[in-house]
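K.L.:
Chain by chain, the residues:
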Amino acid sequence: EVQLVESGGGLVQPGGSLRLSCAASGFTISNYWMYWVRQAPEKGLVWVSRINSAATITDYADSVKGRFTISRDNAKNMLSLQMNSLRAEDTAVYYCAMYRGPRGFDPWGQGILVTVSS
Amino acid sequence: DIQVTQSPSSLSASVGDRVTITCRASQSISTLLNWYQQKPGTPPKILIYESSTLQSGVPSRFGGSGAGTDFTLTISSLQPEDFATYFCQQSYSNPLTFGPGTKVEIK
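Heads up: the protein sequence lines correspond to chains A and B, in order. Read in order, the letters of the first sequence correspond to residues 1349 to 1466 in our numbering. Read in order, the letters of the second sequence correspond to residues 269 to 375 in our numbering.
Chain A with its partners taken away, still in its complex shape (with noise of 0.2 Å):
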């Protein structure tokens, strides 16, 4: 089956860290950008950061810059995001998705809930 599992999300307090990870099974993403897209509470969808395949590319959102970090270990098959100074706005379902180009993202994890609060 294919599919990306994130795991890592959590409780923190402002101004702490998080890492998140996105583990790959059934395809290999080692050819394709990927992205984490973050969604907050009833709201839309987001572009936080993303990589190209052979993570010499990186680029993150306004909002995001300087504080978090996207990796990936195309050998592990698997996509990260490390995040530090969170703060209250950074609350919010994180997903993985796999970038086609004109194809869309596709697919997604299944998200993982970042929660920024004290």
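Just so you know, these hints were derived from the structure itself, not from any lab. Only a predicted model underlies this, so the values are computations on that prediction, with no experimental measurement involved. Please note: incorrect hints may appear among the correct ones.
As the list claims (entries may be wrong) - Partial list, computed: chain A residues near chain B (C-beta under 8 Å): (1) G1392; (2) L1393; (3) A1409; (4) G1449; (5) R1451; (6) G1459.
As the list claims (entries may be wrong) - With the Cβ distance kept under 7 Å, some of the chain B side facing chain A (calculated, not the full set): (7) I270; (8) L300; (9) Y317; (10) Y360; (11) P363.
By construction, the Cβ of each residue, glycine as well, lies at the ideal position given by its N, Cα and C atoms.
Please arrange chain B on chain A, whose structure you already have, making use of the hints.
P.N.:
Same frame as chain A, but now just chain B:
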């Protein structure tokens, strides 16, 4: 950044109804527009890519059209499993952006 808007933000419809959702981009994006369906507690699922190509496995009652700045998602005969939120997303330029969503509810 390319802004993507959707209308309506929500709608109520009955099973069997024809439903149309519109997506508008702030500049021309050719046909690089995708549609997703999201049900509560689940990730988005791609329905249509490149404006009008149906993703494998998606029922044929879903259809997409448009080019440039204006796009449409049509559900020809709404089924109970279609009650969900629908998002459009442009793949023309980075940063990739999503529309705010259209919630389709039961009348």
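K.L.:
Next, verify each hint and record whether it holds.
P.N.:
Right, here's what the structure says about each hint:
{"no.": "1", "hint": "G1392", "result": "holds, 5 Å"}
{"no.": "2", "hint": "L1393", "result": "holds, 4 Å"}
{"no.": "3", "hint": "A1409", "result": "holds, 7 Å"}
{"no.": "4", "hint": "G1449", "result": "holds, 7 Å"}
{"no.": "5", "hint": "R1451", "result": "holds, 5 Å"}
{"no.": "6", "hint": "G1459", "result": "holds, 5 Å"}
{"no.": "7", "hint": "I270", "result": "violated, 12 Å"}
{"no.": "8", "hint": "L300", "result": "holds, 6 Å"}
{"no.": "9", "hint": "Y317", "result": "holds, 5 Å"}
{"no.": "10", "hint": "Y360", "result": "violated, 9 Å"}
{"no.": "11", "hint": "P363", "result": "holds, 5 Å"}
Consistency note: the structure conflicts with the earlier hints numbered 7, 10.
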